[in-house]
Structure formats: C-alpha cells, structure tokens
Amino acid sequence: MLLGQDHITEEGEFVINMGPQHPATHGVLHLKIGLDGETIKKIEPHLGYIHRSIEKMCEQLSYRQFIFTTSRMDYLSAHINNQACVLAVEKALQVEATPRAKAIRVLMAELTRLASHQLWWACMGLDLGAVTPFFYAFREREAINTIIEETCGTRLTQNYMVPGGVMMDIHPNFQKRVKEVLKQIKEKAHEYDELLTGNVIFQQRLKGVGYLSKEDAVSYGCSGPTARASGVSCDVRKLFPYDGYEQLKFDEILNTEGDSWARYLVRLGEMKQSISIIEQLIDNIPEGDFQAKTKNVIKLPKGDFYQRVETARGELGVYIVSDGGATPYRCKFRSPNFSNLSAIPKMAEGAKIGDLVAIMATVDLVIPDIDR
Amino acid sequence: MTNEELKYSITELLPVATYDESGEFLNIIIPSDELIPLMKELRSKKEFDFDYLFCLTCIDWKDHLMMVYHLLSKVHKHCIVVKAKITDIQNPKIESVNCIWKTAELNEDEVYDLFGIRFLNHPNLRRLFLEEDWKGFPLRKNYVDENMIKL
Amino acid sequence: MDIKNNVPANKLIFPGQIHETPDGGFLITKLDEVINWARSNSLWPLIFGTSCCAIEMMSAADAKYDWSRFGFEVARASPRQADLIIVAGTIVMKMAPVLKRLYDQMPDPKYVIAMGACTISGGPFFYNTYSVVKGVDHIIPVDVYVPGCPPRPEALLHSMITLQEKIKNEAFFRKS
Amino acid sequence: MFLKEYFGTIFNSVKSLLTGMKLTGYYFTHLKEIVTEEYPDNRATLKMAERFRGEVTMPHNENNEHRCTGCQSCELACPNGSIKIITKQEIQADGKKKKRIDTWVYHLDMCTLCNLCVIACPSEAIVMGQNFEHSVYDKKQLKKILNKTGSKLMEGVEE
Chain A
1 MLLGQDHITE EGEFVINMGP QHPATHGVLH LKIGLDGETI KKIEPHLGYI HRSIEKMCEQ
61 LSYRQFIFTT SRMDYLSAHI NNQACVLAVE KALQVEATPR AKAIRVLMAE LTRLASHQLW
121 WACMGLDLGA VTPFFYAFRE REAINTIIEE TCGTRLTQNY MVPGGVMMDI HPNFQKRVKE
181 VLKQIKEKAH EYDELLTGNV IFQQRLKGVG YLSKEDAVSY GCSGPTARAS GVSCDVRKLF
241 PYDGYEQLKF DEILNTEGDS WARYLVRLGE MKQSISIIEQ LIDNIPEGDF QAKTKNVIKL
301 PKGDFYQRVE TARGELGVYI VSDGGATPYR CKFRSPNFSN LSAIPKMAEG AKIGDLVAIM
361 ATVDLVIPDI DR
Chain B
373 MTNEELKYSI TELLPVATYD ESGEFLNIII PSDELIPLMK ELRSKKEFDF DYLFCLTCID
433 WKDHLMMVYH LLSKVHKHCI VVKAKITDIQ NPKIESVNCI WKTAELNEDE VYDLFGIRFL
493 NHPNLRRLFL EEDWKGFPLR KNYVDENMIK L
Chain C
524 MDIKNNVPAN KLIFPGQIHE TPDGGFLITK LDEVINWARS NSLWPLIFGT SCCAIEMMSA
584 ADAKYDWSRF GFEVARASPR QADLIIVAGT IVMKMAPVLK RLYDQMPDPK YVIAMGACTI
644 SGGPFFYNTY SVVKGVDHII PVDVYVPGCP PRPEALLHSM ITLQEKIKNE AFFRKS
Chain D
700 MFLKEYFGTI FNSVKSLLTG MKLTGYYFTH LKEIVTEEYP DNRATLKMAE RFRGEVTMPH
760 NENNEHRCTG CQSCELACPN GSIKIITKQE IQADGKKKKR IDTWVYHLDM CTLCNLCVIA
820 CPSEAIVMGQ NFEHSVYDKK QLKKILNKTG SKLMEGVEE
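These protein sequence lines map, in sequence, to chains A, B, C and D. When we follow the numbering used here, the leftmost residue of the first sequence carries the number 1, and every step to the right adds one. When we follow the numbering used here, the leftmost residue of the second sequence carries the number 373, and every step to the right adds one. When we follow the numbering used here, the leftmost residue of the third sequence carries the number 524, and every step to the right adds one. When we follow the numbering used here, the leftmost residue of the fourth sequence carries the number 700, and every step to the right adds one.
Chain A extracted, bound-state conformation:
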C-alpha cells in the first residue's frame, strides 16, 4: 500500500511530500502525507536520506574507536550517546568507572541535556513563526558550549568518554564556569516564559494538537519526554539507574495530557531538573582518578550486552553482540527518535497540515539518529 505512486491514492486522498529538503523537518526527513482537504489522513515516513551505515562500520572498529561514531547519531546528546557505549563496554568487561569519572559523566550529560533542550526551544519557536526566541536560547547554549569546549576540546561532537572513565580531567575553571552559567540561566528563565510560554497565540497552536494516548505511547515504543507527556513513566535514570543517578534527587516530570503543550511543559520541567542535578553534583565531585585502568586492546567476552541511557530525546539502547574478538560482531543502536517518529502518523491523524509542524517540533526529532 505504497502512498503516492500518483498524486491521488485509491481512497481519494491527495498526496503531498514534505521533505527531504524542508526547513521544518529539522533535517532530511521525507514524509508522504495523504490529505483530504487540509486534514491529514495518513502519513508514511520515508527514511534513509542520511543513512550512514554506522552499524556496519562498527563491526570493523575496535571498542575504543566505535564510540566516536555515536556522537554523530544524536549530535545534540553526543555525550550521552558516548556514555551509553562506554557503559555497555564496561558492563561487558565488568569494570567500573571511578567515582570521579562517574560524577563528571553525569555533569556533562546533564549540561548536554540542558543545551539540547535549549536548542529545541529555539527551533520550536522558529518553526512556529517566532524568530526572536532563537537568539535568546542560543545565548545560553553558547555559554554551555564554551564550558564543554574548555574541558573536552570540541563544542559538539566531543568524544570525551573512554571505557573506564573520561579522557581528560575537568578543566580547573570548570566548576566556577558552570556555576556562573547556572546563575545566568536561572536569571534569564523568566524570559523564556515571557517570550513563548505565556504567549496565548503560541499556547493555542499547541493545546489539543497531536494527542497521543498512554496505550499508544507504550505500543509505539515511545520514550523520553514524548512518552512522559502521555503519562508513561519511562525515565531510564529512575528505572534503571547508571553512573550514580540513584544517589541524586530529581523528579521525573510526568504529564497526562498527551498533547503538544504537555510535551512542551515536560521539556521545560526537565531543564529545571537538569539544573538541580548539576547543582547537587558540582561541589561534590569526588577526588581521585578520572580513569580506571583498562587494557590497551579491549576484548569483550562472548555474549550479548544491552545498555540503555536516557538521552535528551528518550531511551537509547546499545546492543553489542560479541564473539570474543576485538570488534563487535553486531552492534545495534536502539534509537529513541526512531520509535518516536513511528508515533507521528498516529499523532497527526485528523490534524491540519499546519499542525504537523507543531507536532514534529514538540517531538523534537534528530534525523541522523533515526537513520544511523
């Protein structure tokens, strides 16, 4: 039942293409949309415009090298992707990272989450017709990027995690800078509310749009803020804690409304939680080594290992099948965006075509993570 061999389907729907080159799809996503007038009847995602064969590549790379490819999947949560990989390798080797490394990893992951949500907030405004939020959100994002760059050396795709810990110790200025940025973000938080959250026009574009029920969210395998906005408790940091998240106090933001507005509020709430996690840790980084000793050539024992982490968009799973060699036999990345995308046709059913942009903006897709 391939949509769109012609412009009219058998059911009499008009077919339009959205993407692969479209400013609101945040990348090269291609959606074939069956329309009745302006009402969306059916959506068929066509992927692969950025399918970079990462899973095939990983079969040839060693366990130290394959980490860097994952930064290119969900580049907005590059740290968290790398964390998933090193945790999977550590789980297989039964090595544990040092306490200092764990704290640094969590700090970096939460900074990344904060920066990622800020970018989402900026782009969401841009998609819905508000240009100004872009500049305000990027002001804080740049400050975070500068901190990350000072410690890791690059701004976006850091490759900072190594099996057993982190690559380098944190920069001496790190704690001071992070506190400054947190202060800045807290001071400017009211601007976010003034610009978008309190805006009635903006609210009305999101409220009641793109409803996803709890049962559907579970059945479609949604995770992250998309699922939590429908009332599914799925925060991996709470359910399957890793890297010392179990010792931290933070709330899982849940909302039962299930519409785009709920997803918006969940993400804003998560930003506050990330700030609170960073505040708990920033003065309590344990002293000691930043890297546990690992062998130079890492060989995993035979078997399969699954590790999941919570990225800014949901649950990322790294599934490594090892045959005892120095490279993975099979490496599968369970990407959060892939499952969230599969729920978009359900969310958009019956919505107007203009609302599709709002739905995609609140689900916050990163296309290279879908295609891998």
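Treat the hints as calculated values from the structure; they're not laboratory data. Because the structure is a prediction, the values reported are computed rather than measured. Just to be clear, a hint being listed does not mean it is correct.
Listed next, the in silico BS3-like pairs over lysine-lysine satisfying Cα-Cα at most 25 Å (straight line) [what the hints assert, rightly or not]:
(1) C:K657 / D:K842
(2) D:K787 / D:K847
(3) C:K657 / B:K513
(4) B:K446 / A:K346
(5) B:K457 / A:K302
(6) B:K449 / B:K417
(7) A:K207 / D:K703
(8) B:K513 / A:K299
(9) B:K417 / B:K446
(10) C:K657 / D:K838
(11) B:K449 / A:K238
(12) C:K691 / D:K839
(13) C:K657 / B:K522
(14) A:K207 / A:K272
(15) B:K457 / B:K417
(16) C:K623 / D:K838
(17) A:K179 / D:K731
(18) B:K449 / A:K214
(19) B:K465 / B:K513
(20) D:K721 / A:K186
(21) A:K214 / A:K238
(22) A:K214 / B:K412
(23) C:K657 / B:K507
(24) D:K746 / C:K587
(25) A:K207 / D:K714
(26) B:K522 / D:K839
(27) D:K721 / A:K183
(28) D:K746 / A:K179
Stretch-level coverage of chain D by chain C, calculated; a stretch enters the list once three of its residues show a Cβ under 8 Å from a Cβ in chain C [unchecked claim]:
(29) 723-737
(30) 774-782
(31) 798-811
(32) 824-836
C-beta: ideal position from N, C-alpha, C; glycine also.
Given the coordinates of chain A, work out where chains B, C and D should sit on it, guided by the hints.
Coordinates of chains B, C and D only, in the frame set by chain A:
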C-alpha cells in the same frame, strides 16, 4: 516475576524453548514458527504483560539468522529477550509482530531492508533506508559491495 | 577587513581563477568591481543541513557569531532565492540526486561551501560504509572547503570570507 | 458570555505579545550585555580554549627535530584512517639499521579531531593545534605532511 518464575511459566507454554541466562536478561531461544503464539501469550497474559517492545533487531550468524526481541513490562518491570532462530538463510521469513506491538512496523521494515528477512502479514513491507533497487542486504555477513573501501 | 592579508598566498590560488591582465579597460574593470562587491556582500544561503554541521551553521547565525554582519543572514528555504549552498552534513547515495536537483534549481551565479569532513571526503564515514558519497564534489562543484568535524562557527565565517575573496576576483564583463 | 471570552482572548493575546516585545525592547535599549564576538576583527585577541582541537600538529624544536619514532600507534588508533605513516630504514653511525619516519601524511579533510591519536602516542610527538582557519579553494591542500623536510628524531626519545 523473577527470571526463574518466567522460565518456569514459559516452559509450561512452550516446551521446545531453550534458555540462556549468561547475560543480563533471560534469553529464550525458540524456532521461528513458534513465535506468534508465544508472543501473543506474553503480551496478553496478566502475569507477563509485556507491553513494551523496546528493541527489535536481527543477528546474522552465517549459518542461521536470529531475530531478537527485547521486551519489557511497564507494569511488572521485568525484562525478557526472545530470540527466534531462522534456519533458511536463502529465503528467510517470519511472522510479523506488528499486530501485537505497533512499533514493530518500522523496525521490521528496517530489518527487511538490512537483512532481507520477509515478514509475513506485515502491512507495508518496503525498503526503509536504501533505494528500492538496491542489490543485497548490507548487514548480512556475506554482503559484498565493490564500492566499499576497506580500511 | 584585513582577511586577505592573513590568508597565505598559496591559499588564494584556486583552480580556474582569472588573473588580472594589464590591458583591461578602466570602465569595465570598475564595473566588475562594483558587481563583485554587491554579489559578495549579499550572499543568501540556502537552509540545507543534513547533520551535525547544521547545528554549527545555526550557531553561526545566532547572536554570538552573527553572520548577518557579512550579509549572510537572509537564509532561504527555497533554492530559487539562494546564491549559496552550504552543504552541512553527510551526503548519502539516496540524498545525492536531491542535492543535485536543489543545486540545479538555484539561479546563477551560485556558490557551494563544503562544510565539514563528511562533505569534503566522506570523513568519518569514508571506510567500510556502503551508502555514503565520498565527497560532495562528486555531485556538485565546490568553491570553498572548510575542514573540521564539525568546524566551529568562526571557521565557517572564515570560509565565507574566503568565498567573498574569490567572488571579488571574478570577472563578469572581462570574459574573453 | 461568548463575547466576553472572545474579547478576553484577543486582549490576552495582545498583552502576551506585548510582554514578549517589551523584552526585546529592553535589550534594544540596554546595551550593557553584548554577546556578539566580532570575528574576524578580533583575530588578534581571539584565543581558543587551551584544549581546543583544531588540527593535529607535530612540534619541531629549533634544531628541526621531532619526537616521532614511527611506531604507528596513532595510525592504528585512528578510527577513520586519516593518518598514514611511511617509514624508511636508516643506517645509524654504529652501522645498525633503525626504523625512522619518511613522511607523516595527515588528511585534515577526513580528520574528526577525536584526540585518539594523541592519546595513543607513546612519545608525545603529536599535539592538537589551535588553528581553525583551514578554508581552502582546493581539496588537495588539506592533505598535509607534518614532518618538515630534513627533520630528525630528537635524541633520547626512543630509549
């Protein structure tokens, strides 16, 4: 349920199943034609209630293909891994689980695209990532691509 | 702007560059300069980003780096209105025909910046991949290459200034 | 009731719009906070973070000597083959043959600046450079040879 209880209950359902407990999860290895009855039980029975299929993939073991389903119950918080063995590597096919978990639709498209496994009763089986006229299935171990540059 | 003095002499040479000859007429030379000045300071890029580099491209547009200081800020969603395509991100086999079509739709004169390792040569996805185009110059002609993975926003700005230098050396009327 | 709601919505939307515009107006008139960085006019003062990774470089000392022994561990560590080391046999003063580097080829066009080569290097021969202005008109210029012509191995590195 603990892994032991799961193992006991599943043995009652499906005596042919074999188990592998070396890893983190309980692995159940079944022949491919037993998949749908078992999966339906796992989803619908109140004591299992596996409602969340969080990872669906395939492994090419050269002499056979192995479909891997990672299941989680949001209610009971237990995990299980179902592995279905497909011995016919020339013309591999298996029943689709799309009727049980909707997330399977796109995931099975992906597996079809990269491994060439045909899913029976799938609503819209197509190549998801690669072009329709792409030759071969790239994640198979015997895939040859003359344009690929080896390091 | 003193960027020309800072670019090493060997970097200013590019294939197909027209070198000034002494017998050019005064009027058309001046007219050329005016046209090139106008062209180089109103480059409108197409919003074209496939992966990580697109985020750094967005960073270059934000308040901190602010590419509108050079007249780049009018980013267009339609290729019909754009002069410049910044290829930001990996191009795969399936995307290549789309990119070619976008490039063909752009009105002349059009310029291409290959941003990042993936677009220059396949970069991290050069070996052992089956679907990646090993360099965007297999599909469309590239004017300026800027390496990095991804290059920082300043590097992108530097590449755009380098492109401006190239445009300023172009000949519109002085064609032989 | 309907009319009241209708006009209430209009009033609220205009009010919320004005709230947002007030913020923009505030920044328009209060110039204390300028975040824009004036690249390229600030090139003289622009300093990258000390760990910033711009390119791989091989430092040479004043006698044109480097620390690279040609052990090729960076080449093995590189995940995408952007380093290629060509070695040669050199006859030492005592007649023994020793492996030395001939050319250290670095593909900047492919490099992802992941830092794995620098970590792998046992003799600290390569470091990450701070330069980020690499834009070129010709791709071939991005293939670099890092060891200078006539350079030698620094004494005392191999032992």
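These are the hints, each one checked on the structure:
no., hint, in the structure
1, C:K657 / D:K842, "16 Å, holds"
2, D:K787 / D:K847, "15 Å, holds"
3, C:K657 / B:K513, "23 Å, holds"
4, B:K446 / A:K346, "21 Å, holds"
5, B:K457 / A:K302, "19 Å, holds"
6, B:K449 / B:K417, "15 Å, holds"
7, A:K207 / D:K703, "21 Å, holds"
8, B:K513 / A:K299, "20 Å, holds"
9, B:K417 / B:K446, "14 Å, holds"
10, C:K657 / D:K838, "13 Å, holds"
11, B:K449 / A:K238, "12 Å, holds"
12, C:K691 / D:K839, "23 Å, holds"
13, C:K657 / B:K522, "13 Å, holds"
14, A:K207 / A:K272, "22 Å, holds"
15, B:K457 / B:K417, "24 Å, holds"
16, C:K623 / D:K838, "20 Å, holds"
17, A:K179 / D:K731, "21 Å, holds"
18, B:K449 / A:K214, "17 Å, holds"
19, B:K465 / B:K513, "18 Å, holds"
20, D:K721 / A:K186, "19 Å, holds"
21, A:K214 / A:K238, "19 Å, holds"
22, A:K214 / B:K412, "20 Å, holds"
23, C:K657 / B:K507, "19 Å, holds"
24, D:K746 / C:K587, "15 Å, holds"
25, A:K207 / D:K714, "19 Å, holds"
26, B:K522 / D:K839, "22 Å, holds"
27, D:K721 / A:K183, "23 Å, holds"
28, D:K746 / A:K179, "22 Å, holds"
29, 723-737, "holds (count 4)"
30, 774-782, "holds (count 3)"
31, 798-811, "holds (count 6)"
32, 824-836, "holds (count 6)"
Of the numbered hints stated above, none is contradicted by the structure.
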